[in-house]
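> Protein sequences appear in the order of chains A and B.
Position 95 (the first sequence) corresponds to 95 in this note's numbering; numbering is contiguous.
Position 8 (the second sequence) corresponds to 8 in this note's numbering; numbering is contiguous.
Wrong hints could be hidden among the right ones.
To be verified - Result set (DSSO-like, lysine-lysine): computed pairs, CA atoms no more than 30 Å apart in a straight line: (1) B:K118 with B:K98; (2) A:K266 with A:K15; (3) A:K347 with B:K69; (4) A:K213 with B:K98; (5) B:K69 with A:K350; (6) A:K2 with B:K69; (7) A:K316 with A:K79; (8) A:K15 with A:K74; (9) A:K256 with A:K166; (10) B:K69 with A:K316; (11) A:K74 with A:K176; (12) A:K15 with B:K69; (13) A:K277 with B:K69; (14) B:K69 with B:K119; (15) B:K69 with A:K117; (16) B:K30 with B:K57; (17) A:K256 with A:K120; (18) A:K256 with A:K277; (19) B:K57 with B:K39; (20) A:K15 with B:K17; (21) B:K17 with B:K30; (22) B:K98 with A:K316; (23) B:K69 with A:K213; (24) B:K39 with A:K316; (25) A:K325 with B:K17; (26) A:K347 with A:K166; (27) B:K39 with B:K98; (28) A:K117 with A:K2; (29) A:K166 with A:K258; (30) A:K15 with B:K119; (31) B:K69 with A:K362; (32) B:K30 with A:K316; (33) B:K39 with A:K2; (34) A:K15 with B:K98; (35) A:K213 with B:K118; (36) A:K15 with A:K79; (37) A:K294 with B:K119; (38) B:K69 with B:K39; (39) B:K57 with B:K69.
Worth flagging that the hints you see were computed from the coordinates, not collected in a lab.
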Amino acid sequence: MKRTPLYEFHRTHGKMVEFAGYEMPVWYTSTVDEHMAVRNDAGIFDVSHMGRVNVSGPDAGRFIEGLFPTDIGKLPNGKSVYTLLLNKDAGIIDDLIVLKMDDARYLVVVNAASRTKDLKHMEQSGAGLDFKMDDITEATTMIAVQGPSAIQALQPLTPLPLAEMKRFTHAVSTVKGIGAVITRTGYTGEDGFELILYDASSGSLAVWEALTKRATPCALGARDSLRLEAGLPLYGSDMDEATNPLEADLGWVISKDKQSYVGWPKLSSFMQQGPTKVRRGIIMDERIPRRDFKVTDQAGAQIGVVTSGTFSPMLKRGIAMAYVKTVSSGPGEPVKVVVRDAPSDGKITKFPFYDDSLYGWKRKPHQ
Amino acid sequence: MSDTSAYQVPDGLFYTKEHEWARVTAGTAKVGITDYAAKTLNDIVYLTLPSVGQEVKQLSSFGTVESIKAVSELYSPLSGTVVITNQELVNHPELINKSPYEAGWIIELRPSQLDAEKKTLLSPRQYQEFLRSLEDEHHN
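The shape of chain A in the complex, shown without the other chains:
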């Protein structure tokens, strides 16, 4: 099993599990405490298991343009873009972040479990073009600093003026003297940064240790409950190659004027038809929904299935992501989730589950 450069910290402080081929912590002290630290203050996550690939060369821009439904070419340098890798049938191969350094250089951050198939797909799609792909996953460390106090936690370690960065942008700088790409993105719904450190040993561990002075170490358990509360899908659970972007409620990544990329013809016909099922949130009155539980209407007829579920530490209610029939997907629609033979009340809700004027990166600053 693989280990990240921060493994020694995890082993001595956390409960370890296997995740996507890596030994990772599932919690350090308490998932609830770690979760709330990110909503109210700041938390740090080791996300080094995620794949990081440099794409560069004269045709790099053309290659990237032919790969994604989002028009990355038109964006200014320094943008970080959430987008999808699609197959010919417009099924989702992966969701990922593309950092546009300049027209000839991109950094692509992919899911750990998808890294191998993504690279294979990208190589095949780029046949004949002049560019190279450099997998820098093992040579780097990736740390997410998340929460309303993320700037205060990270700023003492970097000369980069963090408050001046816009969300979904990145910059090249240093963190504790180590070369780093810093991107204002994350997977918690909160404001924050992800650091790609060009070091895979003691230097990164020193950065992590320094961050622990101002932020709470958070593990996979909190990462999952945070992203679920924020309404962010998890690849492999909430979408896969049998899901198209419209069903996944990710149609917003599709640039209107763009037509020449893998999956476009099929996606175009899906767009004309409209999806028959769609990813939605369900908030429960009492019980906790879990993956594969059935969703029914009030009469008991099945209208969907839960793809991830948890207990929301902030709302103190069970919450789920589910695929439901489009006709039954309106916010407020009452549904039942069958919890071990017990049909239990819930209702369809929009993402995020929390009030985004009070929590998350869109929150209004305290007066």
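Given the coordinates of chain A, work out where chain B should sit on it, guided by the hints.
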């Protein structure tokens, strides 16, 4: 984290390999989950409890305990009739994490076959050994 001595296993209780305990007093037995179970589940956020008067069978499920991530069945160490359930847990399931052997008890029952069933349960020392064997398995 993997040091089994990190888990409390109080004397005077009976244990199961499913990580429940029973404290037998005059005529009744309180039942809960062990410190190991509570720590392994991490934050306990929800329980389904049996109703008072319900008959439970030894090592069959009488309810569930849920953490953020997962659901686990609760298996009764003893057969008997449920005489009371811990209503404090309805609003404060975290009591199981904080105090698995005292405030975090789950049900109290009147055992029906105490003498015969007691012999099939683990002593504190046997349960400690069982925990050690689990950790050894985990490391191999």
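> Hints the structure violates: just list their numbers, smallest first.
Per hint list: 2, 7, 8, 11, 14, 25, 26, 30, 35, 36, 37 violated.
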